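Take the sequences, apply the hints, and build the full model.
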Amino acid sequence: MDSRIFYGLISVLVISTGFAFAQESLISVQTDDKNYDEGDTIVISGKVTTVIRETPVTLQLFTEGNLVDIAQITVAQDGTYSHTVIAEGPLWSKAGDYLVRVLYGEGNIAEYEFSFTPETESVVTTTNFEVDAGSHGTFDVEYTIKGGTVKNMIVDSDIFALIVQVDSTDEGVITLDLPREFIGAEKQDGKDDTFIILIDGVEVAYQESMVHSDSRVITINFEQGDSDIEIIGTYIVPEFGTIAMMILLVGIMATVILTRNKYQIKI
1 MDSRIFYGLI SVLVISTGFA FAQESLISVQ TDDKNYDEGD TIVISGKVTT VIRETPVTLQ
61 LFTEGNLVDI AQITVAQDGT YSHTVIAEGP LWSKAGDYLV RVLYGEGNIA EYEFSFTPET
121 ESVVTTTNFE VDAGSHGTFD VEYTIKGGTV KNMIVDSDIF ALIVQVDSTD EGVITLDLPR
181 EFIGAEKQDG KDDTFIILID GVEVAYQESM VHSDSRVITI NFEQGDSDIE IIGTYIVPEF
241 GTIAMMILLV GIMATVILTR NKYQIKI
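7 is the number that UniProt numbering gives to position 7 of the sequence shown; each next residue is one higher, with no gaps.
Worth flagging that the hints you see were computed from the coordinates, not collected in a lab.
Computed from a prediction, not measured in an experiment: that's the story for all the values here.
Glycine included, each C-beta is placed from N, C-alpha and C at the ideal position.
Some clues are possibly wrong.
[As the list claims (entries may be wrong)] Cut-off 25 Å, straight-line C-alpha distance, at most; resulting in silico cross-link-like pairs (DMTMM-like, lysine to aspartate or glutamate):
#	residue 1	residue 2
1	191	156
2	34	88
3	47	69
4	34	97
5	34	156
6	47	106
[As the list claims (entries may be wrong)] Here are the in silico distance ranges between beta carbons for each label pair:
#	residue 1	residue 2	range
7	122	193	31 to 37 Å
8	221	136	26 to 32 Å
9	107	66	38 to 44 Å
10	112	191	49 to 55 Å
11	135	192	22 to 28 Å
12	198	76	38 to 44 Å
Rendered as structure tokens:
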């Protein structure tokens with residue numbers, strides 16, 4: 001074989017191998033979520049496959065080509081690294097995609113994107129929802145929601161629940177002003193009890209911010225993708241109160257009639 005051809009093949013092989021190694025980065029990067037609002041804590045983490053002694057990870061954070069944050073992060077012995085950023089301050093004024101770029105050693109680069117929404121551009125909706133209460137007509141529930149929209153509110157009298165169906169485009173929060181006349185959670189002595197809150201079948205905590213004589217105000221956090229929020233109390237739209245009273249009256253009347261007939265027979 002001609003020596004020029006041989007060395008040419010070797011050169012091509014070396015270049016190809018070098019290109020392959022350059023494409024395979026020794027470092028990875030990610031964030032703990034894909035969407036953030038102003039004030040959120042962003043956890044950036046990753047791992048290097050080969051630890052280079054005393055070499056830190058250089059992190060850069062950009063939006064629209066502008067540098068938002070820069071840091072040098074120490075790599076642990078197992079190759080992992082982590083960095084926390086608070087999404088607030090003058091550099092966090094623009095909504096949109098933010099790019100995390102990490103560099104390690106020579107030519108080892110990894111990138112990751114997330115979206116950010118400042119407080120001024122967060123969509124917060126406050127309005128009333130008219131709930132169908134069956135034979136009782138309707139009743140209004142005032143609510144405020146951030147991170148989604150309310151699609152429907154349904155009464156489930158079998159489990160004494162108000163089911164709020166939401167379209168959660170992001171992690172968010174909903175505050176509901178629940179009228180005591182139609183839904184509540186009470187102990188036997190008439191004092192307030194806690195509600196049971198389920199989101200897609202999983203029990204979650206809630207906060208009660210205000211207690212009024214005619215309503216209770218509760219706040220529930222939800223995650224992106226959540227759909228059904230069940231608020232379970234001890235009563236919901238007393239539809240069966242009238243029926244129960246009618247049954248009781250019928251029972252009393254039947255007892256009176258039977259008693260009267262009994263005395264008439266004895267006479």
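Notebook entry, point to check: Can you give the numbers of the hints that this structure goes against, from lowest to highest?
Noted result: 5, 9
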